[in-house]
Amino acid sequence: MPDPSYVGRSLSPAEPYQVSREKIREFASAIGEDSRICHELDAARAAGHPDLVAPPTFAVTFTMPLIETFLRDPDFGWDYSRMVHGDQSITLHRPIRGGDELVTTIHVENLTTRAGSHMLTLRCEVADVVGEPVATTKALLVTQATS
Amino acid sequence: MPAWSAIAKGDELPPLELRLTRADLVRYAGASGDFNPIHWSDRTAAAVGLPGVIAHGMLTMALAGRLVTRWVGDPAAVRSYAVRFTRPVVVPDDDAGALLELSGKVGDVREAEPDSCRVATIDITARFAGKTVLGRAAAEVVLPE
Numbered sequence: 052m053p054d055p056s057y058v059g060r061s062l063s064p065a066e067p068y069q070v071s072r073e074k075i076r077e078f079a080s081a082i083g084e085d086s087r088i089c090h091e092l093d094a095a096r097a098a099g100h101p102d103l104v105a106p107p108t109f110a111v112t113f114t115m116p117l118i119e120t121f122l123r124d125p126d127f128g129w130d131y132s133r134m135v136h137g138d139q140s141i142t143l144h145r146p147i148r149g150g151d152e153l154v155t156t157i158h159v160e161n162l163t164t165r166a167g168s169h170m171l172t173l174r175c176e177v178a179d180v181v182g183e184p185v186a187t188t189k190a191l192l193v194t195q196a197t198s
Numbered sequence: 003m004p005a006w007s008a009i010a011k012g013d014e015l016p017p018l019e020l021r022l023t024r025a026d027l028v029r030y031a032g033a034s035g036d037f038n039p040i041h042w043s044d045r046t047a048a049a050v051g052l053p054g055v056i057a058h059g060m061l062t063m064a065l066a067g068r069l070v071t072r073w074v075g076d077p078a079a080v081r082s083y084a085v086r087f088t089r090p091v092v093v094p095d096d097d098a099g100a101l102l103e104l105s106g107k108v109g110d111v112r113e114a115e116p117d118s119c120r121v122a123t124i125d126i127t128a129r130f131a132g133k134t135v136l137g138r139a140a141a142e143v144v145l146p147e
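Chains as they are written, first to last, in my numbering: chain A, 52 to 198; chain B, 3 to 147.
With the rest of the complex left out, here is chain A:
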């Protein structure tokens, strides 16, 4: 049974995640995104960006592992093995780019139990190292309640 006292809490900010050019290229290739600004530095700079631009869903690659660490913490009491991803939203306050150092803070927004399922909404605020907002992601995660 997940601990409802977590709702409304913010977890400690994670260590900065450094966005590498190679990770952007690898991720873009894995989803078949062939835009030159995701692969070629010259093209990205010609389009006015300081470095390669990450595809829109890239942020989840570093927010999800942080979410997993939280959800596997026995104190919270979440059954990670039976979890499914219900929905996902990503708001980009600016594009994520190579060389960015990004700090993610997880906020536990909501937890409800209905029809034998626990539904958890987590919001991740992603900022640069001086605190300027870069992205906001929100995930609805669902796991079966043990009877």
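Careful: at least some of the hints might be erroneous.
Stated by the list, open to error - A partial selection of chain B residues facing chain A, derived with a Cβ cut-off under 8 Å:
id	residue
1	Leu15
2	Val80
3	Arg86
As the list claims (entries may be wrong) - Short, incomplete list of chain B residues facing chain A, as computed with Cβ under 8 Å:
id	residue
4	Ala33
5	Ser34
6	Phe37
7	Met60
8	Met63
9	Val85
10	Cys119
11	Phe130
Claimed, not checked - With a straight-line cut-off of 30 Å between C-alpha atoms, the simulated BS3-like cross-links for lysine-lysine are:
id	chain 1	residue 1	chain 2	residue 2
12	B	Lys107	B	Lys133
13	B	Lys107	A	Lys189
14	B	Lys133	B	Lys11
15	A	Lys189	B	Lys133
16	A	Lys74	A	Lys189
17	B	Lys11	B	Lys107
18	B	Lys11	A	Lys189
Simulated from the structure, these hints should not be mistaken for lab results.
Quick reminder that beta carbons are idealized off the backbone N, C-alpha and C, glycines included.
Starting from the structure of chain A, add chain B where the hints point.
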């Protein structure tokens, strides 16, 4: 390329058909760091009651996003993107893989700050085996001048 100033509600995006194979799932697992075995192991997928190995929801979301970035010609133009995961995409262990059919249309166009750019909301439909796999899928993109 569309005449951007004339883009209006109801305009349809060019559709996109993509084939997903097991190799694509393995590649996405590595690139995203999501190594959940339901995305590569038949044994695990069967044990948790799935009809087979399924694509990562986030991979389906990313592929559907390509419909929009291809149309607008710029992955940096996306301001927001949201989906609900309503059905799994089952990916067989063969050369044909799973066919994902993507379509979209302009749901709204508005002027937005700070520089009175035009922002379009694109409503996306993603189908696999004749059924939608994403619900309420929509992206907001800044239109080129």
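Here is how each hint holds up against the structure:
1. Leu15: Violated. Min distance 16 Å.
2. Val80: 4 Å, holds
3. Arg86: 4 Å, holds
4. Ala33: Result: holds, 4 Å to nearest chain A Cβ.
5. Ser34: 5 Å, holds
6. Phe37: 10 Å, violated
7. Met60: This hint holds: B:Met60 lies near chain A, its Cβ roughly 5 Å from the closest one there, short of 8 Å.
8. Met63: 6 Å, holds
9. Val85: Cβ of B:Val85 sits 6 Å from chain A, so the hint holds.
10. Cys119: Because about 14 Å separates B:Cys119 from the closest Cβ in chain A, which is outside the 8 Å limit, the hint is violated.
11. Phe130: Check failed: Cβ of B:Phe130 comes no nearer than 16 Å to chain A, outside 8 Å.
12. B:Lys107 to B:Lys133: Between B:Lys107 and B:Lys133 the Cα gap is close to 18 Å, so the pair holds against 30 Å.
13. B:Lys107 to A:Lys189: OK: B:Lys107 and A:Lys189 at ~24 Å, within 30 Å.
14. B:Lys133 to B:Lys11: 24 Å, holds
15. A:Lys189 to B:Lys133: 25 Å, holds
16. A:Lys74 to A:Lys189: 22 Å, holds
17. B:Lys11 to B:Lys107: Satisfied, since the Cα-Cα distance of roughly 8 Å is no more than 30 Å.
18. B:Lys11 to A:Lys189: Measuring from Cα to Cα gives roughly 27 Å; hence the hint holds.
Hint violations for this structure: numbers 1, 6, 10 and 11, all remaining hints satisfied.
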